[in-house]
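A.B. asks: Sequence:
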Amino acid sequence: MKIGLIVCDEPSEPLLSKHGDYPKFFGALLGPDHTIHSHHVYLGAPFPPPHLYDCLLITGSRQSVNDNVPWIQAALEWIAEHWRETGVPLVGVCFGHQLVGRAFGSVVAHCDWELGYTLVHMQDAGRAIFGGDMRINSIHKEQIMTAPPGFEIIGASDKCSNQGMVNRKKRIITLQGHPEVTADYIRDLAVLRHKGGIISDSVLQHVHDTHDLPIDNFGPALMDFIAQL
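Note that full-length UniProt numbering gives residue 14 to position 14 of the sequence shown, counting from 1, and the numbers run on in steps of one.
The set of hints was computed from the structure by calculation and includes no laboratory data. What you are looking at is a predicted structure, and each value in this text was computed from that prediction instead of being measured. Treat the hints with care, since some could be wrong.
Derived pair list, reagent style DSS-like, types lysine-lysine, alpha-carbon separation capped at 30 Å [as the list claims (entries may be wrong)]:
| no. | residue 1 | residue 2 |
| --- | --- | --- |
| 1 | Lys2 | Lys24 |
| 2 | Lys24 | Lys195 |
| 3 | Lys169 | Lys195 |
| 4 | Lys18 | Lys195 |
| 5 | Lys159 | Lys169 |
| 6 | Lys2 | Lys159 |
Cβ pair distances, simulated, as ranges [to be verified]:
| no. | residue 1 | residue 2 | range |
| --- | --- | --- | --- |
| 7 | Ser200 | Ala227 | 18 to 28 Å |
| 8 | Thr146 | Glu77 | 33 to 43 Å |
| 9 | Asp124 | Glu13 | 13 to 23 Å |
| 10 | Gly44 | Ala227 | 26 to 36 Å |
| 11 | Lys141 | Asp216 | 18 to 28 Å |
| 12 | Asp67 | Val191 | 21 to 31 Å |
| 13 | Arg62 | Thr146 | 36 to 46 Å |
| 14 | Glu13 | Ala227 | 16 to 26 Å |
| 15 | Thr182 | Asp158 | 16 to 26 Å |
| 16 | Asp201 | Thr86 | 41 to 51 Å |
| 17 | Gly31 | Ile198 | 25 to 35 Å |
| 18 | His37 | Asp201 | 20 to 30 Å |
| 19 | Arg127 | Leu76 | 41 to 51 Å |
| 20 | Asp201 | Pro149 | 20 to 30 Å |
C-beta atoms are modelled at their ideal positions from N, C-alpha and C, and glycine is treated no differently.
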């Protein structure tokens with residue numbers, strides 16, 4: 001499958017040098033059977049015509065989808081235009097998930113930090129795709145308050161009522177969590193953010209306490225679902 005990766009950020013140093021960037025993360029998640037072409041839209045690259053790809057995937061970002069910056073406004077317009085009815089399969093991850101929500105009218109608001117291991121209790125729409133409850137890494141302090149019309153919520157966690165959405169007609173699926181990052185990346189990120197006063201002692205402790213818990217591999221199930229859309 002030929003995948004267009006809409007890159008919305010890159011990790012800060014020293015995370016970038018140690019762990020790599022989003023193209024590397026998603027290449028590892030999706031596997032060698034898929035070809036990834038990256039578009040660094042946060043640096044000013046144009047948004048690609050969706051028909052060039054079998055699937056589009058929007059990455060995470062440290063920015064908020066509510067930020068009034070040109071490339072985020074362009075992203076919202078790009079999504080709303082090309083997926084007004086139906087289009088090439090689209091995947092949104094974390095920031096990408098929230099971007100899809102905003103593009104179709106949802107409010108994205110602040111929530112408590114959800115960082116590290118997260119247990120997501122699947123609803124019917126999620127069980128149909130991934131099976132039972134899923135274990136995923138999270139990095140967010142905002143969430144979609146309600147799903148847009150036509151979207152089904154796939155699951156919820158203790159801190160976030162919308163852990164992902166699906167709209168089969170529009171061929172869109174989103175995840176609030178980060179299936180592409182490792183526990184080591186999460187730990188290093190948490191240490192940096194704690195030193196910077198961004199997260200509390202309790203959030204950092206949760207990351208340390210859950211570092212060795214198993215995380216589900218979403219790559220195969222996600223790509224199987226996309227192939228069926």
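A.B. asks: All hints are to be evaluated individually against the structure, with a verdict given for each.
C.D. replies: We went through each hint and held it up to the structure:
1. Lys2 <-> Lys24: Holds, because 16 Å separates the two Cα atoms, which is no more than 30 Å.
2. Lys24 <-> Lys195: holds, 26 Å
3. Lys169 <-> Lys195: violated, 45 Å
4. Lys18 <-> Lys195: Judged against 30 Å, a Cα distance of about 18 Å means the pair holds.
5. Lys159 <-> Lys169: holds, 29 Å
6. Lys2 <-> Lys159: Distance of about 35 Å is beyond 30 Å: violated.
7. Ser200 <-> Ala227: 18 to 28 Å: violated, 41 Å
8. Thr146 <-> Glu77: 33 to 43 Å: Roughly 22 Å apart at Cβ, these two residues miss the hinted range, so it is violated.
9. Asp124 <-> Glu13: 13 to 23 Å: violated, 43 Å
10. Gly44 <-> Ala227: 26 to 36 Å: Given a distance of about 32 Å, which is inside 26 to 36 Å, the answer is holds.
11. Lys141 <-> Asp216: 18 to 28 Å: holds, 23 Å
12. Asp67 <-> Val191: 21 to 31 Å: holds, 26 Å
13. Arg62 <-> Thr146: 36 to 46 Å: violated, 24 Å
14. Glu13 <-> Ala227: 16 to 26 Å: violated, 37 Å
15. Thr182 <-> Asp158: 16 to 26 Å: holds, 22 Å
16. Asp201 <-> Thr86: 41 to 51 Å: At 47 Å between Cβs, range holds.
17. Gly31 <-> Ile198: 25 to 35 Å: holds, 33 Å
18. His37 <-> Asp201: 20 to 30 Å: Hint violated: Cβ distance 42 Å, outside 20 to 30 Å.
19. Arg127 <-> Leu76: 41 to 51 Å: violated, 30 Å
20. Asp201 <-> Pro149: 20 to 30 Å: With a Cβ separation near 41 Å, Asp201 and Pro149 fall outside 20 to 30 Å, so the hint is violated.
The structure fails to meet hints 3, 6, 7, 8, 9, 13, 14, 18, 19, 20 from the earlier list, while all remaining hints are met.
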